[in-house]
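Protein chains in written order, with the numbering used here: chain E, 1 to 103; chain D, 1 to 103.
I should point out that these hints are in silico values taken from the structure, not numbers from a laboratory.
Heads up, some of the hints might be wrong.
Which copy? The list can't say, so a pair holds if one copy fits it or any two copies do.
As the list claims (entries may be wrong) - Once the Cα atoms are required to be at most 27 Å apart in a straight line, the calculated DSSO-like pairs of lysine-lysine come out as:
no.: 1; residue 1: Lys86; residue 2: Lys43
no.: 2; residue 1: Lys40; residue 2: Lys79
no.: 3; residue 1: Lys69; residue 2: Lys20
no.: 4; residue 1: Lys40; residue 2: Lys86
no.: 5; residue 1: Lys79; residue 2: Lys29
no.: 6; residue 1: Lys79; residue 2: Lys43
no.: 7; residue 1: Lys69; residue 2: Lys40
no.: 8; residue 1: Lys69; residue 2: Lys29
Protein chains: 2
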Amino acid sequence: MARQEDFLAVRPSGNPISAKGLMGMFDSKDLVAESSELIKTHKIEIYGEIAYAVFTLNEIFSYKGNQNKDLSTYTCIFKNVNGTWKYSWMQRSQGSTDMTTWE
Amino acid sequence: MARQEDFLAVRPSGNPISAKGLMGMFDSKDLVAESSELIKTHKIEIYGEIAYAVFTLNEIFSYKGNQNKDLSTYTCIFKNVNGTWKYSWMQRSQGSTDMTTWE
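Start from the sequences, fold in the hints, and give me the full structure.
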């Protein structure tokens, strides 16, 4: 999905990463994605040209050779620009989501 | 600040807590707040009745007797209801934000 130019993702640490920085982690092979599965959508709200969504992904990936199986929860904000929904902002939790807490 | 009825905060773990649940932590004295200082606002965007803000707080608090000094980054979504801005949603990072990464 497209991103606005000032898009950033807030990492679990509280530090930001740009789309370019994230792509760089893939390009360097430090980060190797195996799968990313949508487990549950907690909320979607659309207000005209602005929307936000909250969901948990099951992400399997290797970081510098170590495999991670994360259940991470995301809050994402989208803006509709000329008919295309673009990511405006994203914040990702640690990979420790307990799905029973969302029931 | 007021909250919408379906407000939840996503904790660093990825698990949610309701406003009532958060208040319960204070009421039980498990959580004792000392101070909460706004260190930096990274972004504020307002689109009519919807807004979002991203900022880092320096929070000093005790949890079950152990003092924490956290630099936590928040993504918050607000909705204007009859002239009052209300919290719709919030996600909080770990307390490990490195402010130099936001420069």
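Q | Index of numbered hints that the structure contradicts, given in increasing order | A | Of the numbered hints given earlier, the structure breaks just one, which is hint 5.
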